[in-house]
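Please assemble the complex out of the two chains, which come individually in their own frames, going by the hints.
In order, the protein sequences belong to chains A and B. Heads up: the first sequence at position 201 corresponds to 201 in full-length UniProt numbering, and the numbers run straight through without jumps. Heads up: the second sequence at position 4 corresponds to 4 in full-length UniProt numbering, and the numbers run straight through without jumps.
Warning: the hint list may mix true and false statements.
With a straight-line Cα cutoff of 25 angstroms, these simulated SDA-like cross-link-like pairs (lysine to any residue) come out [said to hold, decoys possible]:
| # | chain 1 | residue 1 | chain 2 | residue 2 |
| --- | --- | --- | --- | --- |
| 1 | A | Lys-211 | B | Leu-6 |
| 2 | A | Lys-361 | B | Lys-300 |
| 3 | A | Lys-91 | A | Leu-122 |
| 4 | A | Lys-361 | B | Lys-132 |
| 5 | A | Lys-361 | B | Asn-234 |
| 6 | A | Lys-361 | B | Lys-197 |
| 7 | A | Lys-211 | B | Pro-230 |
| 8 | B | Lys-132 | B | Pro-244 |
| 9 | B | Lys-197 | B | Leu-153 |
| 10 | A | Lys-361 | B | Arg-227 |
| 11 | A | Lys-295 | A | Arg-103 |
| 12 | B | Lys-213 | B | Pro-244 |
| 13 | A | Lys-361 | B | Arg-112 |
| 14 | A | Lys-279 | B | Ser-86 |
| 15 | A | Lys-113 | A | Arg-103 |
| 16 | B | Lys-300 | B | His-166 |
| 17 | A | Lys-211 | B | Leu-237 |
By construction, these hints were calculated from the structure, which means they are not laboratory data.
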Amino acid sequence: MNRYVVGGAGVASVVVLMSLTWLFGSFSWALATTVLMAAIGGGYYAYRQFQIKFADHLNADQSNPETSTSRTSASPTNTSNANDSQSLARKMLDQGRYTLLLRPQIAESIPPKLLQRAQTMLDDEMTLVPGGETIVGKGANDSPDLPDHLDGRIVQVEGFYLDRYQVTNEQYHRFVENGGYEQISLWDPEIVPALLDFVDLTGEPGPRFWKNSKYLSGQAKHPVVGVCWYEAAAYARWVGKRLPTDPEWVKSGSWPVPLPGARPIQRKFPWGEAFDQNKCNLWGSGHGATLPVDKYDDGMSVGGANQLIGNVWEWTSSRFGAWQSNSSPLVLDASMRSIRGGAFDTYFETQATCDFQSGDKAIARKRNVGFRCAIGICDLIPDQSMQAEDFPAQVETHELAEVAQ
Amino acid sequence: MTKRVLVAMDSYRLAECAVPLACYICGVDNNYNTELCRHCAAPLALSHQARTQGVRPQMVAVLGTAAAGKTVYLGMLLDMLTRQNSRVQVLARGAFSITLQQRTMMALSTCRFPEKTPNEPDRWNWVHCQAKVNSKKNAMELIMPDMAGEAILEEIDHPNAYPAIHSFLEKCSAVILLADTDRIERGGAEQNYFLMKLITYLSEQDNRQNRGKSTRPVAIVFSKADRCEPCFDNPELYAREKTPNLWQQVQQRFTNYGFFASGVAGSVGFREEPGEGTSAVPLRIEPRGIVEPFEWLVRKV
Numbered sequence: 001m002n003r004y005v006v007g008g009a010g011v012a013s014v015v016v017l018m019s020l021t022w023l024f025g026s027f028s029w030a031l032a033t034t035v036l037m038a039a040i041g042g043g044y045y046a047y048r049q050f051q052i053k054f055a056d057h058l059n060a061d062q063s064n065p066e067t068s069t070s071r072t073s074a075s076p077t078n079t080s081n082a083n084d085s086q087s088l089a090r091k092m093l094d095q096g097r098y099t100l101l102l103r104p105q106i107a108e109s110i111p112p113k114l115l116q117r118a119q120t121m122l123d124d125e126m127t128l129v130p131g132g133e134t135i136v137g138k139g140a141n142d143s144p145d146l147p148d149h150l151d152g153r154i155v156q157v158e159g160f161y162l163d164r165y166q167v168t169n170e171q172y173h174r175f176v177e178n179g180g181y182e183q184i185s186l187w188d189p190e191i192v193p194a195l196l197d198f199v200d201l202t203g204e205p206g207p208r209f210w211k212n213s214k215y216l217s218g219q220a221k222h223p224v225v226g227v228c229w230y231e232a233a234a235y236a237r238w239v240g241k242r243l244p245t246d247p248e249w250v251k252s253g254s255w256p257v258p259l260p261g262a263r264p265i266q267r268k269f270p271w272g273e274a275f276d277q278n279k280c281n282l283w284g285s286g287h288g289a290t291l292p293v294d295k296y297d298d299g300m301s302v303g304g305a306n307q308l309i310g311n312v313w314e315w316t317s318s319r320f321g322a323w324q325s326n327s328s329p330l331v332l333d334a335s336m337r338s339i340r341g342g343a344f345d346t347y348f349e350t351q352a353t354c355d356f357q358s359g360d361k362a363i364a365r366k367r368n369v370g371f372r373c374a375i376g377i378c379d380l381i382p383d384q385s386m387q388a389e390d391f392p393a394q395v396e397t398h399e400l401a402e403v404a405q
Numbered sequence: 001m002t003k004r005v006l007v008a009m010d011s012y013r014l015a016e017c018a019v020p021l022a023c024y025i026c027g028v029d030n031n032y033n034t035e036l037c038r039h040c041a042a043p044l045a046l047s048h049q050a051r052t053q054g055v056r057p058q059m060v061a062v063l064g065t066a067a068a069g070k071t072v073y074l075g076m077l078l079d080m081l082t083r084q085n086s087r088v089q090v091l092a093r094g095a096f097s098i099t100l101q102q103r104t105m106m107a108l109s110t111c112r113f114p115e116k117t118p119n120e121p122d123r124w125n126w127v128h129c130q131a132k133v134n135s136k137k138n139a140m141e142l143i144m145p146d147m148a149g150e151a152i153l154e155e156i157d158h159p160n161a162y163p164a165i166h167s168f169l170e171k172c173s174a175v176i177l178l179a180d181t182d183r184i185e186r187g188g189a190e191q192n193y194f195l196m197k198l199i200t201y202l203s204e205q206d207n208r209q210n211r212g213k214s215t216r217p218v219a220i221v222f223s224k225a226d227r228c229e230p231c232f233d234n235p236e237l238y239a240r241e242k243t244p245n246l247w248q249q250v251q252q253r254f255t256n257y258g259f260f261a262s263g264v265a266g267s268v269g270f271r272e273e274p275g276e277g278t279s280a281v282p283l284r285i286e287p288r289g290i291v292e293p294f295e296w297l298v299r300k301v
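Isolated chain B (complex conformation) (with noise of 0.2 angstroms):
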């Protein structure tokens, strides 16, 4: 004799997985209640949002190698125009976008430069926001993730190795290459290089539409210019003269480009830590040159 037995019907969750949600950035088709995209690992709340605002946020990269101060310029940045009603007003998109911005600001009024962002994508910040221009009667959806420089570094050596990086480079508007001016004053050349690479990638995405050059704006920041006073005075001859392979190549590829220089830190002491190296400790916080290079883009965009 058969028992008879309650089954609950799941139907209801065979009709969440069949109606996809499309990631905002890779376009994988994901189910409607995963967090992380299970191609690229952005989050798919950035889908969610353009989903019901209706509206389709741009994309704005910012790129440079590993400890060139991507973290502390974007967090500085969001900080900066969320506490100030200056030429550009900027409102986070959902809780999360904060996050890069807290752990920033917590790390810097204690004297500390926040943590290196890991490599894996996902445990990366990403921010949304709404950025908002005084001469601009429209206000604009922004998407700004926070990459590790080794990613994209791994990223422009094997195309592919990271789909986010491909992905969002290969779709965003506007992009801040950050170039390390504290390496680059010590000499090394590998701020140069990095920054060759980078502009050579972009390019050739761009030119697989059209042959001519690229019309992506693109600003070049020299950040931790604060230990350097005359990068200040005049970015594009310091490109010039410090960098001048960095410099042909952006004239030669792109139309719409600007040189900067940023600073955060008003001086730098370091500090021995056992089995890690030498850190560097922020020993107060000046933002300098920091809102400039994004009110630049966000107007050519």
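So here's chain A without its partners, still in its complex pose (with noise of 0.2 angstroms):
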């Protein structure tokens, strides 16, 4: 391309001379004047040069081809702006708030192949939970075990995307290093006041039993605990996400079965019916503690989500007493959040299924309590891949007709 531009730099230059000589009258005073020129031309092309990659530095994004190419093609202000973006967007990517860039407001300006990317990251880390009805308490089984204070009721969720994995340290460590505590905007206003309570051991912002905003080596990929709910919900704004409703988490462990005309038949536990103490870490596991999220595989429901049950208790976005009987309500704290699933330290397996809840305070922050995060399918732009499965589909049926007809 380079050799292109110099020899064409290099007739036109001795084209421009020889007017000039003609012009002039004197050959001395044409070159002098075609040189002055050049040098002005020259400068220019350099400086626009050093602009460029100025602003590359800047993005630290030298090394990828496909910056450079639609550097080349657009114009220096919107190659600028575009840079930016995509660095942006690749920076999310790798901060796992790959759902932030499938919103259908963001995901047009980002380049197929980094919405690809965010793609697949949707679809190794989260499963797909069906829309559909889902009892929530007590009526599930029939099951003489729960409390009494927790009624049945048939609710109709929509579908949605949830995390495979409880949220980890390490994960949770990105939003600390990236300011989550500073960032206002990311918690609710009612616990701003509260911030600075937030702290870990060492009195730095980050969960509980934290030190130095860092946590424990040997635990990066062990769930998150000593964080409040709105600790949750504020890491989940940053994530893209949200925290899981009350029946959105009961549908994703139980799997309904829709029957017609009959109350939908769901599972007791994610992996079946039975309990099975080799499936989940409760107390009679007798770790004592908490494990790496990926574990007990064995386990898992049937959309792939692993350790509903176990490890820790997981926050949801309800409000604990919601589904609650009228016949034997409780007098609970206003700010009492859901919390479902059970922990390492849960005794009763009864109180480790799908169907039974518990609750905390909001701003409670215990060693047994995590989380994991969720999104509406509406929420996002619709599976490229599942659009390209669907079409060939669709082409095949118009032939059928066309053979009928």
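In structure tokens, the structure reads:
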């Protein structure tokens, strides 16, 4: 490319030199003018090159061929903006905030390759739970073990994605490291005055049992604990998700089978009806502490969510008591939020089922309560890969219709 | 004319009465086939077992105010020790020893606390078990009753009001004192005074023989500590700061003492019971710090 530019510039210079010689009648004057014009042109070109390189350096994005292609084709101002947004998108992917890129408002301005990467991350890290009815509370299995205050109600749930694993220390550390505790916009307004209380053992911002805003060594893959409901909700906002609602959590674990004209059939545990202590980390397992989130693969739900039962309780977005019986209601703290799934120290297996609900104060930062995130299908752009699969089928149907005619 | 009538010889009954059975708790003689001691109402099954096994069981008292959590603590402790073979193993002696465990666990599993222990001694649950600590060669026979808090208070204020408590505390070789952390946190001094009374009572029982400090091991357990997390971090510091009188008394009167924190419910709600006021409802069960005080005591005994 540069060869042709130099050649063209040389030919143009000769033509200009000859024209000026004819015009001035003096070769010396013509040569001097040509050199001057070439110097001005070269200087301008060098200035533009420097501008582009400086912008590249700022974005730390020089090695990517994708960026350099767009840079040469776009105008200088547009190129700079595009680079900024792309590097930001990449940074978000590295931080695990892929669902932000899959929002309809944002996806339009993201290159297809990055969008594809975000979609792959979504498929890898989240499970799709289809919409439908679920029974929340007592009545799911007419279980006599459940306490009186839990009532059973049928709730309609829209389709959503749920994290396959509980949020780990490593993931939460990215949030802390990127100033999650300082970004007021992430937090519920009522809790902002109390943000200074959310510190670790050394007084730094972070979960209660961390030190110097860092998790303990060897616990990167363990679920983050010592975070209150507000911290969980703020993290979920930061990654572009939300906490699952109580019915959503139940649906993802019990995976109801709809029956025409009857209540749906639900599983007691994600793996089936019978308790199996080899499929979850409860008190009876004898570990006495949290385990990495990817343990107990055998206990995963039908959709592929791991450790819905055991390891740590999970915050949901719902208020505790929302489904309690009217006949024997509890007098509860207004801030109590629903938690689900049981933890490593849950003593009774009957209190670690899909239909058992417990609660805790929203500001409680306990060693056995963590969380996972969810996002509605309607909040994301349609899955491109699924659309591609649908397309040939439609064509095939059309062809068959033509034959029938 | 007199009619001859055959009369059955009941002399074997007289023979039974002639061989008395001493109550293991208070020492009073009872009929051989009586169920409860006529003096202190302790089950005579304890005496039968002690006699047939030829081993004299040790006694461990679990004391505290009413609703301090004695029943829950004992029931949970026994269930944990029988369910998992950890550092301490427990084997129940006699079916009656499992009643307390059964009642407590049935209630807790359905998010209820067990009903309050009645004041009448004949309705208390007595646990007789064999405890084995891994580091010790021989197993130990233990008797642990679940006594009503009001009865304990009555006995302390008016000694000999409850012969079972009086005799038991005199003979017991170790004591677990439960302090209700929830009530301490709410600022009430009731726990402080009750425990000070108990400590005075116990140490004076010991000082009849010698005038120095009591060597009887005492575990002071802050129950319901799940409602006060710092208590778990350092129970002794908690005692020093929140119950200074208790801490001073224990230091001055006992040589073998330890401070512990325990909790059973992960979270608690409340329910208005018609005519009975407010009752606590455990929203889930997460035992914590239950075995540690017991293990410490068994090693000391």
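Worksheet item: For this structure, which hints from the list above don't hold up?
Response: 1, 2, 4, 6, 8 and 11
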